[in-house]
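Asks: Each chain, written out:
Number of protein chains: 2
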Amino acid sequence: MLPATPLNLAAAFDRVGEYFSPKVVGQVNDQLLKVAKLKGEFVWHAHDGEDELFYIVKGKLEIAFEAGTVILGEGDFMTVPRGVRHKPHAAEECWVLLIEPASTKHTGDEVTPMTRSLEEQMS
Amino acid sequence: MLPATPLNLAAAFDRVGEYFSPKVVGQVNDQLLKVAKLKGEFVWHAHDGEDELFYIVKGKLEIAFEAGTVILGEGDFMTVPRGVRHKPHAAEECWVLLIEPASTKHTGDEVTPMTRSLEEQMS
Chain G
1 MLPATPLNLA AAFDRVGEYF SPKVVGQVND QLLKVAKLKG EFVWHAHDGE
51 DELFYIVKGK LEIAFEAGTV ILGEGDFMTV PRGVRHKPHA AEECWVLLIE
101 PASTKHTGDE VTPMTRSLEE QMS
Chain V
1 MLPATPLNLA AAFDRVGEYF SPKVVGQVND QLLKVAKLKG EFVWHAHDGE
51 DELFYIVKGK LEIAFEAGTV ILGEGDFMTV PRGVRHKPHA AEECWVLLIE
101 PASTKHTGDE VTPMTRSLEE QMS
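Protein chains in written order, with the numbering used here: chain G, 1 to 123; chain V, 1 to 123.
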């Protein structure tokens with residue numbers, strides 16, 4: 001039996017329903033790969049113990065930091081270091097690959113109606 | 001000061017010279033992001049303690065396993081589990097993003113003229 005099956009990254013977004021609700025589509029070591037469609041404004045939050053990588057598959061994403069805003073276009077990636085408060089914002093629909101450990105809480109210590117549990121992200 | 005700077009994944013391949021010689025272009029937690037251009041046949045090897053993710057940015061990659069061969073096209077990704085012997089092969093030039101821990105040895109316990117140290121991958 002083959003040890004693994006390839007998955008197409010763009011096709012993996014078929015699993016995504018609502019905005020800001022990531023779905024786990026892969027794993028490498030202790031890091032999960034998640035896909036999410038974003039549109040509109042997320043909440044300010046930080047992940048105290050986890051870096052979070054954003055890779056833009058489609059569209060454009062602004063990430064606000066306390067020191068200013070970064071704009072990521074299609075094909076760009078950036079790691080938000082652990083402990084750094086950030087707020088993603090997408091004026092139009094944006095498709096994002098996230099890489100982060102299983103321990104990462106979706107909205108850090110903030111709990112809002114947008115917060116999704118890991119169980120929801122695995123479903 | 002902004003906590004991070006975005007990098008374009010395709011542009012990151014400008015850093016790559018020879019085939020099968022990965023360059024580190026990013027990090028998330030304890031995992032390194034490496035870009036590599038592949039053409040031709042690599043060596044059979046395994047990474048005893050590390051999973052290795054392949055994401056195809058351009059072209060097509062075959063990965064041979066003892067159980068058979070997997071073909072990855074542009075936009076496909078796959079995690080080769082730790083301990084599994086594999087041999088990448090690209091008939092034409094292929095651009096790959098690799099995600100693996102810093103401890104990963106390029107050719108596992110095989111040492112060949114193709115083997116690159118982490119120091120060489122950071123340069």
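Honestly, the hints are just simulated from the structure, not real lab data.
These numbers come from a predicted model, not from an experiment.
One should not assume that every hint holds.
Note: identical chains are not told apart, hence a pair may lie in one copy or across any two.
Straight-line distance between alpha carbons at most 25 Å, and here's what the computed SDA-like set of lysine to any residue pairs gives [stated by the list, open to error]:
#1 58 - 1
#2 39 - 4
#3 58 - 109
#4 105 - 29
Asks: Under the constraints set out in the numbered hints, which ones does this structure not fulfil?
Replies: Violated: hints 1, 3.
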